[in-house]
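> What follows is the residue order along each chain.
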Amino acid sequence: MEKNNALLKLRHIHQIYTSGSRKFTAVQDVNLTVYEGEFIALLGPSGCGKSTLLRIITGLQKPSEGKVLYRDQPLEGVNPHASIVFQTFALFPWLTVLENVELALKARGVPANIRTPRALDLIDRVGLDGFESAYPRELSGGMRQKVGFARAMAVEPELLCLDEPFSALDVLSAESLRNELMELWTTGKIPTKAILMVSHNIEETVFMADRIVVMDKEPGRILSELTITLPHPRQKKSDEFQMLIDQVYSMLAGQTQPEIVELGSAPGEPGITRSLPKVTITDLAGFLENLSEMPQNRADIYRLSEELNVDSGHILSLTEAAELLGFATIAKGDITLTSLGETFAEASILARKEIFATRIRRLPLVRWLLSLLSSSDRKALPTGVILTALELEFHKEEAERQLETLINWGRYAEILSYNDDQEILYLEAAPELVPQAA
Amino acid sequence: MGVFRYLLPPQKRLERTFTLGDVIVLLLLASLLYAGVRLAVKAPEVITGPHISLSTSALPWYTLLSLGRMFAAYFLSLGFTLVYGRAAAYNRRAEMVLMPLLDVLQSVPILSFLPVVLLSLSAFLPQRLAAELASIVLIFTSQAWNMTFGWYQSLTTIPNELREASAIFRLNAWLRFKRLELPFGMISLVWNSIMSFAGGWFFLMAAEIFTVGNRDFRLAGLGAYLQEAANQGNTQAILWGVFTLILTIVALDQFLWRPLLAWSDRFKLEMVESDQPPSSWFYDLLHKSRLYGWMQKSLLTPLTERFDQWMLHISTSASTSIEKENKISPGIVLFYGLILITVSYGSYRALVMLASISLNQWLEIGLGVGATLLRVVISLLIALCWTLPLGVMVGTKPDLARFIQPLIQVAASIPATAIFPILLMFLIHLSGGLNVAAILLMLMGTQWYLLFNIIAGASAIPQDLKYTTALLQLSAKERWRTLILPALFPYLITGAITASGGAWNASIVAEYVHFGGQTISAIGIGALISHATAIGDYHLLLAATLSMILTVVLLNRLLWRRLYRIAEEKYRME
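Residue numbers (the working numbering), protein chains in the order written: chain W, 8 to 445; chain C, 988 to 1561.
Hints should not be assumed to be uniformly reliable.
[Unchecked claim] Simulated coverage check for chain C against chain W, where a stretch passes if three residues somewhere in it have a Cβ under 8 angstroms from a Cβ of chain W:
no. : segment
1   : 1082-1095
2   : 1147-1159
3   : 1163-1170
Hint data in this document are derived by calculation from the structure and do not stem from the laboratory. Built from N, CA and C at the ideal position, the CB exists for glycine as well.
Taking the hints into account, I'd like the entire structure generated from these sequences.
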């Protein structure tokens, strides 16, 4: 495919949210060019700003800074040459399949005698023939998304944007829909000039995209790019394919850094406060137990996702948590259990709690919270106060997530107790503030 | 038990108990009342009411008159709702003013405005026209707020991805309204319309029978017919009147609201089929008829298509941003400025007028508020005594519910104000006079809200919890304490809020009655307002009306809202 004509250019895009006097960078200095004939994927963990970027590209949102050029013209308002397939389908529940597809055409003033045949043709092409008069609620998830595709393609966009279009579907529907889209795309049956897909599923991006743009969070930014030249249809079991997946995993999971870097700093101190991955203890314990049964307590991260049947985003959160707590180390896309992690996996319920408690006391964020609580009058604080303090470091939703994880972990470790009625967080009796060596 | 969902007030969005906005709104109301009272001075001293015929052949005409007032007010409310709700939802600055305003208006006892509105309108309009307009304004003020609140809430809760889809597929303002906003808000709009319309009857009847001293503000209609019949002790006419009223309400339900409900079910957002969608035989009949199919195909579809295309021509998808507007236009500044000046001047003049009220009169007002409050509380307690056991019984036994519910619904559909005159025939001879009878009259306006909410609450108790209490072999007392009362708490509070609002309103017509050629009154703020209207003491009218409004708004904020929040947070079953 020719790679000469640039369709879309992003130049120094920043997206900054302000909350009170604080500023949070959701997207930092993104530069990207999308060429005609290209299938490009934005890949990254949740919170890396990939969906924000998609909204900026389509003109639904204005960036705080930077330029969006479409065919070298600055973009004003919603891009008329782009359309979106949404993660949650975004179909109008009160319109039939046909009416949903037709609506996009009607809004552009296409008269009924042209728009109905065209809509029917597209419905036919995505394989929904016979369901024109059905309402979305009568359809399965996979079929609903087909309507989403038909609607997006009906307006014959030059740039087709996909916002995690397969993540709300069951495994089988997602698989077949991916294949069908690739067939339409590679055989040139749709007049689309380029496709841009946002995803957190590594395998899916390697399967579909010509170029993967890997993003990272805190702040959201582009980490690196990877061009994939494997011909379509790609063989998932082939060595090249597996190697590519491994490569992407190692980019995303990173390497275990020296502890001081890994743990970050407490809120209010200089340096970046490391956020806690949103992981429940049950999941983490199950994950570590599984690892301890692997040969040499080691596993390829991407294989784990397959074996445990957990999506790649969640696996990455779990590895991050295990790494943060010192239960595992990560290098080159492999995760290895530390001896501490091994002990934890084999320990009794009470022993686990003890190990866990000593480990989380090392985290600057937890230490900060404990000293905040113990310096308060009754060793207790309303969550609102803690939330306000956390909002100095994180944006609002992230602060809430962090607090939730802190409460969850702290309760398990029996160092915190929490009264949901009054929304007050307490220090559990007889706290030992000095961390013990494990 | 979806039927009762509409009795729950919309989720309160405004959390703080009392804000500066509330004060401004109250001052605005005071200014308006002041203006009304100033006008009232010119109102004629003697107003002769219409002649009400008790012949049954007059009934159809009276019914049409009453219905005409109801629909005029309803369409006014609907128009107001669509415009006001939209302005509040899409403009952040407008929202900051419009929502607190709505919130106060919702809790104000509307009926207390009736005398001022009637007097001020009849000062410069022909008598009949003034009374007609006053009734429509009154019904409008009782209908509009909850519809507007519902519509506003729908607009602000439209899922983001649907908004984004509308933007990316370039729907213009008209298509967005027709395909996104209206369908999304339709179910709430229909439910709130039903509720508003039912509430409207109460105020229509009150307006139709309103008479003070030498001023007969009555309007020819069903309400006046019933009152005249009771006045003359004509049992046959009373029966005919009640029968016609019930027939009208049931017919509206069967031929208008139920079909609308059944139709609006298609606008559910849920992606699953519901097991018991609302149904209507009339809707099914219409839907299946050939005529309807033909009209749809060869008339409606081409016409709407033509209209849509035309709208596309005059407004292309200009609005590109899906974010809220935040600009200040000079017009808005001017508007707020004018309001500010009006409010300051009006409340200053109102204050001057209030200063002329003597201490004795203030004492009288205080005593009146206290007496009415006592009546409201007693009527709530009496209502609770019989609705709690019955409601729980009906709510927990589906077999019984199927049998009793239609009866309750018909009984509840009769507006309390319509049967006031009839009840008076019996209550007037009660010892204690109107002081006691007024409580029973208020009860008529309160009990149904409680009953419906209790039934709804009782039927929402999860089956597994009922099994658990049975397995634990809890005694009846324990079962009420640990399961039934906590589970009912949010519903009780909701019911009590609506019921007490109804009771305050009812006090205007219940504490001061014109019966059999003589005027009978009780001690209370409602009676004081009516009395001031009758003797033409406009300063007292202003003071009494404002005191009642302030009392009710304060009670709402300081008591009910707190209880509501506790109910929401602690006892809501999820």
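> Are there three or more residues in the segment 1082-1095 of chain C whose C-beta lies closer than 8 angstroms to some C-beta of chain W?
Violated: only 0 residues of the segment 1082-1095 of chain C have a Cβ under 8 angstroms from chain W.
> Cut-off 8 angstroms, C-beta pairs, minimum 3 residues; does the coverage of the segment 1147-1159 of chain C by chain W stand?
With 10 residues in contact (Cβ-Cβ under 8 angstroms with chain W), the coverage given for the segment 1147-1159 of chain C holds.
> Holds or violated: the segment 1163-1170 of chain C covered by chain W, criterion of 3 or more residues with Cβ-Cβ distance under 8 angstroms?
holds (count 3)
The structure fails hint 1 only (numbered hints given earlier).
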